[in-house]
Structure formats: C-alpha cells, structure tokens
Amino acid sequence: MTAVVQRDIPRRNVNPLVYADWVLIAASILLSVIGLVMVYSSTQHRLAFQGEDPNYFLVRQASFLVLGLGLMALMIYIDYRVLRDVSPVVYAATIGVLFLVLTPLGTTTRGSQARFELGILQFQPSELTKIVLILGVASFCYQYRGDLDAWRLAQALGLAAVPSGLILLQPDLGTALVIAFTLMGMLLVAGARPRHLGVIVLFAVTLLVGMVSVGALEEYQVDRLTSFVDQSSDLQASRYNLEQSKIAIGSGGVLGKGLFEGTQTSLSFVPEQHTDFIFTAVGEELGFVGAGVVLALFGVVVWRIWRLAQLARDPFGTLAAVGVLVMIAFQVFQNVGMSMGIMPITGIPLPFLSYGGSSMLASLAGVGLVVNIGMRRYT
Amino acid sequence: MNENSRLRILVVGVIVIALFSALFARLWYLQVISGDQYAAAAEGNRVRTVAREAPRGRILDRRGRILVDNRTANVVAVSRSLVGEEREHVVRELSELLRLPVAEIEDRLEDFRYADFRPIPVATEVDEATLVAIRERQDDLPGVEAIQSAVRVYPYGHLAAHVLGYVGEINDQELEDRKDEGYELGNTIGKVGVERAYETDLRGVPGVEFYEVDRAGGVVRELGEREAEQGDDVQLGVDLDAQLAAEDALLDFITIAREGGRPATGGAVVALDATSGAVVAMASYPTFEPAGFVHGIRTEVWEQLNDPKSNLPLNNRAIQGLYPPGSTFKPVTAVAGLSTGVITPESTILDQGSIEIGGRRFRNAGGKSYGYVALPRALTVSSDVYFYSAAKAIDDLSAAQEEAIQDVALQFGFDQPTGIELPFEQDGRVPDRQWKRTVNHANPTAFPNADWFTGDTVNIGIGQGDLLVTPLQMVTSYAALANGGAVYRPHIGARVIDRFGAVVREVEAQAISEVTPIIEHPEWRQYMMSGLQGTVSNREGTAFNAFAGYSGPPVAAKTGTSQTAGREDTSLFVGTFPANAPKYVIAAVVEEGGAGSDIAAPIVRRVIESLVRTEADSSLPPIGTLIAPPPAETTSSTAPALPEDLVPDGLVPEPIPVPERKLDDEEPATE
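Residue numbers (this note's numbering), protein chains in the order written: chain A, 104 to 482; chain B, 10 to 680.
Only chain B is shown next, with the shape it has when bound in the complex (with noise of 0.2 Å):
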C-alpha cells in the first residue's frame, strides 16, 4: 500500500468521524438542549382530555321542595360524518336495536338544530340493556355513542316553568360572553329564567378525563380523571303551594273569562314578600313544558311554542307583559296629589259621575256617580272622578310640580326595570313631556302631538294613556307602600346551597328606591292602607263581591280595569294581607279578561287563601328548610297533579313523552 493509498483512506476516516460527529452534535441538541420541549411535545400527542359536564344544581322552593333536579339519561348518538353504506348498515342496525322506524331515525340525523360537529341524539330515552347492546357491538357501529347524560327533570311538570327557565346547549354569543369560564362548544347553558340567572353558580365545574391516544387519535387507556363537581342547589323564595295556587287560579278564572265571551289571551300572577322583596309566586300564563328542553326541542315544538297564534307561551308576562295599571294606578296619583298638597287626607271632591276638562268630558266608570269623596273611600270605591280632579289640579300647578304623578312613580320603581335576577325584564313606560317630544320627534306618525295636554295627565291619574307597567312593577310599587316607603328590588333566588348542604351564600334583600312621602307621612299611607282595605271589606268596595266569605286577614287592596284600544280590558287586582301589618303583595292581571273585580281580584283570593292555609299548616317542611326530605309518596298530595286541561287549549304543548322502551315489551304476550 503506497503512500497516496494511505493518505486517500484518511480522507475517508476523516469524512465519517466529521459525519460521526453532526450525528452526536444533532443527538446533543435534539435529546440535551430541547428535550424537555419534546417531551412536553410527545406529552400532548399522547394525551386527550376530555371535558364531561357536571350535574347541574337543584333547584328548589323555600321549603326545601325540588323544583328541578337531574335524571340520568341514556342517549344514544350518531356521528355526523357517517356517508353512504356505512350510514345505512348502521342507521338499519339502530334501527333494529332501538325499534325505531329507520325513517325518524333518518329525519333525525337530517334535522337542522343540532350543531354540525357534534354527534346528534337519535334516541333519548333508552334502557340499560339497550345501551350496553350497543357499547358491545360498537365495533360493528363506527360513529355511534352510547352516552349516559344528566338531564334536567322537573317534577311538577310545566310548575313555574317561567321562573325556571329552561337550559339548551350553548350558542355562539354565550361562548363569546363567557370565554373566560371554560364552556366549550356543545355545553348546557341555562337559557332563561332562574337556569340562567344563577348559570354560575348551577353549573359546577366540570370533570376531565385524560386518555392515552394513538397516532390515529384512538383510545389506547384511560390516564384519570378529574371529578366533575356538581352545581350548587339554588333555593328560592318561591313556595311551591303559592305557586300551585298561582298557577291553579290564573288558569281557572282565565278558563272563566273565556267562557264569558272574552279572549283571555294570557295572565300574570306575581306574589312578593312585601318585607323583602322575594317573590314567593311567579305564574305566567299560557305556559310551556320546560322537559321539552331536556335533549333539544323538538322542531314542531318550538315553531308551535312561537307561533303568535299560541299566544307567545315562552313569554314572562309578570316582567315581560306590559299593561296599562289603570285604577290600581291610583294610590300613586294620591300620593303625588298629596305631596304636592293638591289633596289632604280628608278634603273631599264631589264626584257626580264625570267632570269636564279641557272640554273633553272624563267619565267614572259605568258612569256611576259617588257624591262628595275623601281620599279613602275614593279608593274603596275607585272613584275616577276624585283621581281626575287631583291629576288636573296637579297639571295645572307650576313647572316644578307639574310632573308630581311621575316623579312619585319613578320612586314607586315604574319606568325602570326592577332588577330581578331574571332576564329580558321589560321597563314600563311612564309618558311625559320630554317622552312625548321624543316619540313624536322619532315617529311623527305613530305620535303626531308633540305637545302635552292637560288631558294626558288626567289619564295617567287613572293608570291609562301611555302608561304601561309589569305585574312585577305593580306589585313591587304596592310593597313599598304596605312596607311604609320602601322599594326592594324583587328576587328570585333566596340562597345557594353546597352539595354538602351549606349556605354558600344568601340573596340578601336590597332596597333600591325610597317613596319620600309615605316616608315623611307615615299618616298618609294609614289613610290610604284603610281606603284599600275598604275595597274587599266595605260593601261599597270595588272587590266586596270577589271576597265574599273571605275569613282570612285583613286584606288590603285595589282592583282595576284598564282600557287598551281595540282590545278587551284588562282586569287588575292587586291585595296586600295581613292589612295591619302586610306580609305579602299578591298582584294578578289577565290581559282581556274583563273587570278586575271579576277575574284578577279572585285568582288573588285565592293566592292569599293558599298562603293562609298553607303557612298555618305544621305538617309542610318549614320555610328556609334548606332541603325537605323526599316526600313518602311521591304520587299523593305532595306531588299535585297538574291540570290536565292545559292541554286541549293548544297554547301548551304536550308534555314530550318520556318512552319506556324495555326490550320485553317486545315480546309476545303469553298467557
């Protein structure tokens, strides 16, 4: 071997040590220098996680009673992505093991609502066996998930299904708004009523469950899981008995005003504690049921449940119906007549049936005439000509007073949402000057005068005109005038509950408004308190006949028939008990039902028997019983049977039914 050999095999050897060492030097930085970045990257090729929703809280009455609780349901769920004969050698399999017509399965799979990435339900509602078939064989069924899923249950059906709400599955605004809180596309959210209103503390957090996948993103093992925990209870100042009665008189004096020839188109039920602001009854009527939900609507449902001629049933009309307040106005033009010292307690008017103002001719209704009234019996007997008489002398007054009857409703909380938890709370309207400038600067057609008359403030005087109001703004005006002066802001929710039972936090109540007068007057408000009384206990009273036999406390309280044009009145009644020392405010309204000494003024009775009775009873769990035992029998008393005659009206649909699909039922009877 000569020396050029020699020299031309060094070359070599000095080659591969040079490529000897990139191959160290690259290992160096790969496994060295960037390990933990790799590490951390091979950690997340290899893990999944998977976020599993936890059971919503309960929601329950003041005594402890479920309202809303959770089942589990047994879903069963079929990939979107699923084409052409694998679909339909799984669609035929379903088919077979559900016992369900391959054609609502299809229809199911086609249907629009559910969310594109997602597996949608094609049946809700299956037995054990049923799953567990299906989990065996899920080889043979690619994209189908047999799935046990929480699901609201409401035992008392379509029971305060405004208050409650209803939860759906999340949508792109609600995402965004909440980004911050971990919801993921596909999550439950509350929608409406207490299920949103309290969505924070109803949800709990939600468990995780890591999986070792492979490269295909297939489940290898399970590596854990973090538990979800489930959502606080919400407790709320609703008491299911008051809510029944609610419920059961609005329907039936409605079913009443229906059979005498009015529309009756839809009413409002709202009971307050008059000390605090709870809302112990929130009835909305036509009504819906909120297990509808449970799963996703139904398409027919929904168009049904929107459809105007079911009279807007998913409406709250205790904080979403507007109505003007008419006579049960009244004691608002009394304390703004008062203040301004257009009346005293005892000045009387002569009331002959009507008065002229303005050349327009006002008259009492049903042009009854009351001779000489002072304040009190004005009220007992709603004399409209004393209200008009006030509200004119109060127009006729200098700038700064000219506007009284307003200025005291803004304290009496009207024109202004009152802040209850619950959503899409209407604001009312009280109309003055600036308003009518402004309206009819915006929509000169709709309001062609610009300029206020003194008519405009005689009609407020007797809650007509442009004034509107919610049931829940009536009834909140009338506590701070059995409570001496006070406006709580009504509330919903009374506490919310751990899962291990302790008060995580309490809804205090929150007094947002003072009415000054009844305050600096406190005789003002006795005047007023014995003139409303006089209307169920007087037999001159608006509401004599509608408490006939009534043996209760002392109520106090005011009916009213409001006008709205090319509409059926509006019938009114709002009572406050016990008289001397009021605890609750009960306010009812059926819009197109007439006189409101015929339909509102006896659901209210009825209200206000219930919670007699109710609070008299020492076999019911105690208020603030933060949870009641489950009743012995749950098909007796304790579960009320619910009206049945909801149904056939139209504006309620159906309950959904819930299928028992038992694998036996299949097979043939044999005897």
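The shape of chain A in the complex, shown without the other chains (with noise of 0.2 Å):
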C-alpha cells in the first residue's frame, strides 16, 4: 500500500495568473474560433438555401464562445479549493437538475430527454454534469491520498453511478460514456488496484452487451454502435451516412478542397455535420494539413493538461486534471475517430469544435479549472 505524500511546494506570494498557462489557454481558443468558422462553413449553404440566415449559427455559437470564456475565467478566478470544498452541494445539485430534465420540464430532441428549453437557449445538465463529477470524484479520492481499497473505490463508483444512471435514462449513452472513461482514468490515478479496475471493465461491457441483447437499446443506437463494424454495407441509413462521413475527409486530400469549397459539406450530404460530424468539414475543406493541425491543437491542450496534472499541488489538483485530460482526450478520440470510421458511431460532441452551447460550456469550465489548479501550484 503506498501512501500519496505531498509534495513540498514552497509557497510563492505573487498574483498566480503569473503562472497561468497561456499556452493551454490559446490552444483552446484557437480550437474555439476555428469551431466557429467551420459551423458557419457547415450551415451557411443550407441556411441560404431555406432562405434563412446564413449567420445563424455562426451568432449563436459566437455568443456560447463569450459565455464560455466568461465561465472559464470565473472557474480560473475561484480558488479550486473553494472549487473543491462546495462541490458536494453542487455535486447534489446536478443530480437534483437530472431529474429535472427528465420530468415534462425537459425538452425531447431525437428520442433523447436531456435538454431544458430557456427561451431561445437550450440548456443540455448533462455536459455540465461530467465537470460536476470530475470535482466530485477529486474531492472525494484525494481525502484517501492514494489508497483505494474496494469499499472505497466501490463507494467512488457508486458517486458516479447516481448521475450516469440518470444520464443513461435520457438516454445519452455517449456521455454516459465519456463519464465512464473519465471516471476511469481518474481512478487509476487515484489508485485503485489494477485488478479491481479490471473487473470493473469486466462488469461494464457485459452491462453493455447485456442491453444491447435484451434490447433495452433503442435500434438506432445499436445500428450506430455497430455499423462501423461492417462498413462495406450500404443499406442502413448509418452506415451511409458514416460513408458520407468517410468521403467527406478522404475527399479532402492534402490541403483539402477550400475554406467554404466542400461539395460534401455545402450539399448536405453528411449528417449533423455543425454539430457531431463538424470534423468532416475540417477534413473536406482543410485537407490533411488543416485536419492535422487541428488534432495537433488538441495534442498541445492534453500535453499542458498532462503536464499540469503532475504540477499540480495536492492530489485533488492531479486527479482533477486527469479527469478534464481524459474526458478531452476520449471525446476527441471517439468523435475523430466515428467520423473516420475506426470507432462506433455515438453521440459525442467534439470539444470546441461542435456547435452547442453545452459542450463548449464544459469543454472551457475544464480548461479553466485545470487553468486554475495549474497557477495556483505555489499558493
């Protein structure tokens, strides 16, 4: 059994915004804004052509930007100890919100209960929630300082399972994921034993598997879940449009067909393409070198994440941090990756990038709080 030992940090006097890291800072920005022209790239045609406004989502995305760089100053502003120590309330809270939406107050988009209709926003807790969680699970891992023993690790999942439960019942098995993952990497750093996370897996996919045979997964979802499987086949709408998506990218070549120039993406051939296919844009109109440049950004944020994790002054810093890594890391893997075909298709924004107010919300609140335990290493 190894015991967490604290690092001794000496205590520096100076505004800790002097340590803040900019370089993650900018790298989510630049994502941001290159999120916003590739949702205007994305939408204007078909905008134009319904004869409505082609700025549409373009305004609206810029205004969740402003807003989201409004909650990641508050998150770097506030102490992640305070962060740390009110985050049982909020953590109650967001639990409290999940039922909400899942009463008449919540809005039914595509099968899916998980939004609330504010006026002209929609408000989706579950994005928010995995902030919540990755707060929660810090909090609650760090007061053992390294030493997970079953009851404890089993005390951590049960944390988590109220909210993923409640996710799961929306149902938004793509977050329910992303949870799933976050939570895990959390608890390996946070040191749980090896062969209890391997049960844990264990149990999970048989969950898994378990619903998908009884059925307690809509047809859609399993359509999308194992259409990348068999991609040759073009009869299911899924894995037409998972072809689109394929086409979209490869059609892109080097140095893709133009900023505002994709045939795939002008003509609505790819679906949901502002929001969880916005990285076929990228690929069509920026080509190898504008797509890899963009997952090269997404290298440079998880790199300055990794590297403030183990900056990081206590335990709940380092354990928050790998959670806002993983959850980063997994969504833009799993979206990158559905979009080329190497990974089922879900319900997974990309970070930044897709258009919605709630993921790009969660996506800045994480870099601010990994902003935040970063510069605050010395105080």
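Be aware that a few hints might be false.
Said to hold, decoys possible - Okay, the calculated bits of chain A under chain B, using three or more residues with CB under 8 Å as the criterion:
| hint | segment |
| --- | --- |
| 1 | 155 to 164 |
| 2 | 172 to 185 |
| 3 | 188 to 201 |
| 4 | 290 to 302 |
To be verified - Listed next, with one range per pair, are the computed distances between beta-carbon atoms:
| hint | chain 1 | residue 1 | chain 2 | residue 2 | range |
| --- | --- | --- | --- | --- | --- |
| 5 | B | Val20 | A | Gly173 | 34 to 44 Å |
| 6 | A | Ala165 | B | Arg15 | 36 to 46 Å |
| 7 | B | Tyr38 | A | Gly173 | 32 to 42 Å |
| 8 | B | Ser30 | A | Ser166 | 34 to 44 Å |
| 9 | B | Val20 | A | Phe306 | 36 to 46 Å |
| 10 | A | Leu133 | B | Arg89 | 46 to 56 Å |
Just so you know, these hints were derived from the structure itself, not from any lab.
Because the structure is a prediction, the values reported are computed rather than measured.
The C-beta atom is built at its ideal place from N, Cα and C for all residues, glycine as well.
Using the hints, build the complex out of the two chains.
Below is the structure:
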C-alpha cells in the first residue's frame, strides 16, 4: 500500500495569474475559433438555401463562446480549493437537475430527453455534469491519498453511478460513455488496484452487451454502435452516413477543397455536420494539413493538461486535471474516430469545435479548472 | 505526488499518445493514400448527368423539300409516384391550369402504355403562358414537369407515311440491340420506315446536362452542359410530286373499283429510277397519320390501326404485300423460253383461245383467241396460250433446264428480299420442285401434293400458281429488263446531309444481280420491249384504252389480272418510260380491284404523267437540291391539299387534333 505523499512546494506570494498556462488557454480559444468558422461553413449553404439567415448558427456559437470564456474566467478566478469544498453541494444540486430534465420540464429531441428550453437557449445538463462529477470524484478520492481499497472504490463508483444512471435514462449513451472513461482514468490515477479496475471493465462490457441483447437500447443506437464493424454494406442509414463522412474527409486530400468549398459539406451529404460530424468539414475543406493542425492543437491541449496534472500542488488537483484530460482526450478520439470509421457512431460532440452551448461551456470550464489548478501550484 | 501516481499519469499519457497516433494514421490513410478515390466518390455524389435527346434530322425529298421536320412541343408530364391527397390536389390544379377535365387527366395517368418509371404526359400541346404558369407554381405542384421537347412534324400529313415511318419510345428489345450506342430507357427511336432505316443518321448526338445535387437528390445548380447535336438530314430519292400523284391516283382508282362493286381492300404503287434503283415514289393504301404517334399513339387509334377490319393500314404493301403477279410475270417466262431455246423472238404459236396440257384445258383470259402469235404480240395482247405452251415446253426439258423459269425469276430478284433499307420486307415465293416437297412434308394438309406437275410450271408461266411477289420485286425486275439486265437494289435514301448542309454520304446505286440472258442477247430485250410498247400503243394492246389520249414519251408496259382463290382479281400494271431509253419504272397493284387494265393501268399513267410534267417544270427546285428554300406561301399549291375523302372510309384514322389552347380563348367574348 502506497501513501500519496504531498510534495513540499514552497508557497510564493505573487499573483497566481503569472503561472497561468497561457499556451493551454490559447490552444483552447484557437480551437473554438476554428470551430466557429467550421460551424459557419457547414451551415451557411443550407440556411441560405432555406432562405434563412446564413449567420444563424455562427452568431449563436459565438455567443456560446463568449459565455464559455466567461465561465472559464470564473473557473480560473475561484480558487480550486473552494470549488473542491463546495463540490458536494454542487454535486447534489446537479443530481436534482438531472432528475428535473426527465420530468416534463425537459425537452425531448431525437428520442433523448436531455434538454431544458430556456427561451431561445437550450441547456443540456449532462454536459456540465461531467465537470461536476470530476470535481466530486476528485474531492472524494483525494482524502484517501492514493489508497483506494475495494470499499472506497465502490463508494466512488456509487457516487458516479447516480448521475450516470440518470443520463443513461435520457438516454444519452455518449455522455454516459464519456463519464465512464473519465471515471476510469481518475480512479486509475487515484490509486485503484488494477485488478479492481479489470473487474469493473468486465462488468461494464457485460452490462453493455446485456443491454444490447435484451433490447434496452433503441434500434438506431445499436445500428450506430455496430455500423463501423461492417462498413462495406451501405444498406442502413447509419452506414450511409458513415460512408458519406469518410468520403467527405477522404476527398479533402492533402490540402483540402478550400474553406467554404466542401461539396459534401455544402450539399448536406454528411448528417449533423455542424454538431457531431464537424470534423468532416475540417477534413474536407482544410485537408490533411488543416485536420492535422486541429488534431495537433488538441494534442497541445492534452499535453498541457497532462503537464499541469503532474505539477499540481495536491492530489485533488492532479485528479481533477486527469479527469479533464481523459474527458477531452476520449471525446476527441471517439468523435474523430467515428468520423473516420474507426469508432462506433455515438452522439459525442467534438470539444470546442462542435456546435452546441453546453458542450462549449463544459470544455472551457474544464480548461479553466485545470488552469486554476496549475497557476495555484505555488499558493 | 508519489512515484506510483507519476507512473499512472504516465500510463494515461501513453494511452493518449497511442490514441492520437491512431487518429493521425487513419487521417493519413483517408486523405493522403485514398484521397483520390474519395474525391471521385464525392464528385459522383455531387454531380448528376441528365441526357437530353438531340432533335432528329429532317427527311427531305429529292428536290430538298422537307417531308419530316421538328417542332417544339410544350409537354406537361406528371410523375407516377403521386398518390392520395397529393395526387388529387395536383390533378385538380392541373385540370384548372390546362383546362382539361379531371377525368381526362386521370385516364391519362392510368394509361398502361406509358413506361412505369417516367412521368406521364397529360397534356402535350400546351401554350407558352400555361407552361410558364406551371413552372412558376412548381412548389405547389409536386411531381409535375413542364418541359419542351422536339417532336416530329409532318408538313404533308400522311403523305408517304409508310416510307417515312414514325418514331416511338425505345422498347426492351431495341435497347438490347443498341446497348452500345448510348440509348437509355425512354429514348425516342425510329420504329419503321426511313425513321428506322436511317436511325443512326437521324438521331444525332444527345446532349448532357450536369447538375449539382444535394443529398436528397434535389438540384442545387446547373454545372454546365454539352450541347446536343441535331441529327443529320436524310434526303430521299422520293419525289414529293410523284409521291403525291401516286397516292392520289391509288386512292382515286380504289374508289372507282369500289364504286364498281369490287372490295379493293388495298393497293400499292412503286416508282423506281430504272437506272439506279432509287425509289421515286412508294405508296400504300390504306394508310395512317404518322403525326398520331407523336407523344405516343392513343390507345383507341392504335387498336383501330390493328383491327383486321381496317385492312392493316400500318403495313407497307409495296414491300410487305404478296400477290400473284399474273401476266406481269410473262417477260420472265419469255426470257426463260428464249434462253432454253423453246421459243425464238420470231417463232409463232397458234393461239386458239385455249390449250390442253396433261388432260387439263388452260384458257386465255376471256376465252379470246389470237391466231398465230410471236413473242412481241404475245406480250402486247397478253396471250396466255403462248406462255402456257412455252412453259410446257420448258417443263418437258431435261432436269437441268426444266426449272428455267424459276432460275430466271431468281436472276430477276424474285423469291428474295430486294434489300431495300426499309424493315419488314417480304421474300415472296417462286415455287419449284424442292419447295413443293418441303411444304408438303411440313404441312400435308395444306399442301397435299409433293409431286410437281406440268400444270404447276404452266401456271407459273403466266404468273399464277403458288407464285407470290411484292410490288417492289415487280418493279425491280422490270427495271432490270428496261436497263438491259442489271438488277439494282432499290433504295429509298439518296444521301445523308449534316446540319451544316454538307453531304456526309451518298447512297450509291448497287447492282445485286444480273439477268444474264438479256445481257448476252440484247436483241431479245428489243423484241420484248416492242411488244410491251404495244400494250399501250397498239390498238390490240391490253392497256390501249387506259392510255387513250396519252401524249407523253413512249411507254412500255404490261397489264396483269391475277387470281387468288376466294377473292376478286388482283389488278396489276407495270410501265416504263421512255420506252427507247427507260428512265422510270412504275408498278401499281390493287388487291381485289379487278382487271389490270381498268384500275392499275390508269394509276401508273397518272404517275407517269406527273413525272413527265414535273421533269419539265422549271419552277421546281432541281433534282438533287439539298435543301429547298421554304415555299413562299405554305398554304398554296406548294403544300398540296390532302385528299379529305381518305377519312370517311374508316381506314385512315383522323389526324390527331392539335388543340390550340390559348388562355384568352376562354375569355368571354366582348363585343
């Protein structure tokens, strides 16, 4: 049994913003701005064709970005230890909100009851649940300082199970998967025994297979999950979508067709292109060079978070940073992998780039939290 | 932070690096390695091509006058996929816009003739304003197409209908036959006549339009097009005036035959250029309106055209009608007799009106006796006894020569298609011993005798028995006699002209056979021609009365009145002129029309007179003019009035009315 021994980092009496990771912030904002352009590119033709304002999605996404930057600033400004201490309260409140979204107060979209309609804005609580859960799990685990026995592990799982279960009920399989992987990453770093984690993975896989076989998942969800296995058949709609997605990215070639010149994009061959399939617009219009830059920027974000996870002053900071890291890395891999046909199709947005306020807020809040942890390593 | 945690964070980092590497690898594969392939797929997604048929080439007469032209028709078509309320709505709206009863549109939509996958034309002659009105309301009229298409127009109505033929939608068989020529379902193709024979020239090159479409297949914009190239024009050897004279005369004398109590169920006239085989006129009665096939023929018209009571107006009797040639066949017997030596040009036979052969008495028509007749006079008066005797003498020869009549007939081109470009030509039949055995073997009930009798040869000698010929074969054989022995393949087309007026190709005269006896003995031909001249010029001649008052170049001719069991006589006549240097040969056949001298002869006379007149008429564009300037007044003599009396006998369908639907027609008259 190993005890986590706190490094003795000398405190410095300076403005912590001096130590803020501006590279991380810049990479995140750059990705968000690329996202803005791509959302515009993938929606303007269709909107113009329908006689609507081609800037509609652009303007909304820009407001989300401003809102997100505000939230990020707030997450940087409030000392993360305060966040740590209030996290149980926020956690309970979030669970309440997740209950509420399942009541008639929530709105059903495409079979998922996952949103609140707030005037012209929609709010999807499951996205922010990811951040709340990271805070909650981190504050639960850090007190054991790297010693998670079976009982403590079970408690941590139970903590995560309630919101995850509620999200699965919506059903929002994608977010539940993100939470599951984030949790696994955090538990690994928090000191869970490898064999315990093995058992959990085995259990989760059995549960998923069981759900598919007893029909607990909707047919379209099964289709989407399995279509990447047999990609040669184009009979089913999701296979068609996958094929169109691959054609879009592949046809971009090395240099791309040029911004706003993507035919797969402008002619709506790729479904949900401004949300889950935004990467196809990047691939088609900006080519291997542009898509590579986007992936590299994600690499920078993940690398900076990874670095700060190690520099953190306390295990809470390390765990929270690892949580954000896994959350973003898994979403990028899952989303981009899905667009390129190496991962199943699940409704997981690409952080920073996909259209959608809740996802934007969650990603920027996560980055803000990590920056917060990083810059207060000396205070 | 302890070492264990550090290690575990490292593990997370390594996993993340692995995942990102996988993404980069996949991205490389898709965009760099397979980029071209996916780019092609994206292009295929985006671009749809729509082929547009080219306007067909025109068909011209030998003086460059347009017999078949194109015009633009505004067509409103409705998709078959419309159902339920939407269809009700569309039909109601169209009924108002097109001023057609709802029931009529519904009938059209239910019509079985139209292919399943194509929009059904519900209105085919729509005025411009209505077309625009429908296009403007496209959103409200799903499945409705308002298009302009080039369709055939026939300035002379049903003139030369059988020669020109008609076009229609390509069928499965034609599609299969022409699968390498870029035809698609729904294309137009020549079905019969010149339209079919010269399909490749007339068709042109279809244009292609490239459209950008979205995922739903909706057209986003037009990317460009390759213009259709109009098909080449086909100039015929047919002369408009001769054709008109042939059809007029045929109708007039069929009417006369009917007034005389004969059924006269149909007939044909063919005029050839004896020196080349070019068809100058080809008429067949009853006939039809090719304009009725534009936009697809109406079911009731199609049924009427195929009703046996209508006497098969779609058949081109000139190439499909089979008739015993009767006395018009006698020159063949004469050549056979001369070449075997059973007769000489000047040897005589005593014609006492009949002759007994093999215990059977064969009589002259009408029982007349002509005394001593030699070959020329035998042809002039059409002595059957002379040719019975000659045929019997041939039949009595050795096995090598006993079928000399048949052999000569084959040299003249009988018992085989002439090879004219028009489809569905019949072979005819020249019976011989082998044939008789074969048909008896195949069908003993219909043909009880396998043995050949002398009587069979004797019957063939005067063009009877089982002998059958087409009018085109008759005229082709006489052309060979007239020109000194060359059998030319008859041809309708003279040349193909491209849309810039340059000649693409000439249809050359082609000799397919030779009648060797008359090439080797030109004097025989002289004797025969003088006898044939007597037919019209000699008081004894069988067509002397029919040519009473004729003042044109000398004509050499032969009448024929052939018998078919259970039917009235077939009236036949073949004439060639000028007799001293034959230029044209004209044959006429009227089935169940009576004596050749009464009906067929005056028809040929009218065609001859027309040809003589028009050859001398300097106001006409000369023969060989590629494109004649359009006549100044289309309604005057240059556009001949069509014989209106074709319609009442029920054999010729009424022309499909071309309704003029002008919007302001419907306005109440304000005085």
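Right, here's what the structure says about each hint:
Counting residues of the segment 155 to 164 of chain A whose beta-carbon sits less than 8 Å from any beta-carbon of chain B gives 0, not enough to reach three: the coverage restraint is violated. Given as covered by chain B, the segment 172 to 185 of chain A fails the check, having 0 residues with a CB less than 8 Å from a CB of that chain where 3 are the minimum. Under a criterion of three residues with beta carbons nearer than 8 Å to beta carbons of chain B, the stated coverage of the segment 188 to 201 of chain A fails, only 0 such residues being counted. Counting residues of the segment 290 to 302 of chain A whose C-beta sits closer than 8 Å to any C-beta of chain B gives 3, which meets the bar of three, so the coverage hint holds.
With their beta carbons about 35 Å apart, valine 20/B and glycine 173/A fall inside the hinted range of 34 to 44 Å. A C-beta distance of roughly 41 Å is found between alanine 165/A and arginine 15/B, which places it inside the suggested range of 36 to 46 Å. Evaluation of the 32 to 42 Å hint for tyrosine 38/B and glycine 173/A yields a pass: the beta carbon distance comes to about 40 Å. Restraint check, serine 30/B to serine 166/A: a C-beta distance of roughly 36 Å satisfies the suggested window 34 to 44 Å.
For valine 20/B paired with phenylalanine 306/A, a C-beta distance near 21 Å fails the hint of 36 to 46 Å. With their beta carbons about 55 Å apart, leucine 133/A and arginine 89/B fall inside the hinted range of 46 to 56 Å.
In this structure, the hints that do not hold are numbers 1, 2, 3, 9, in rising order.
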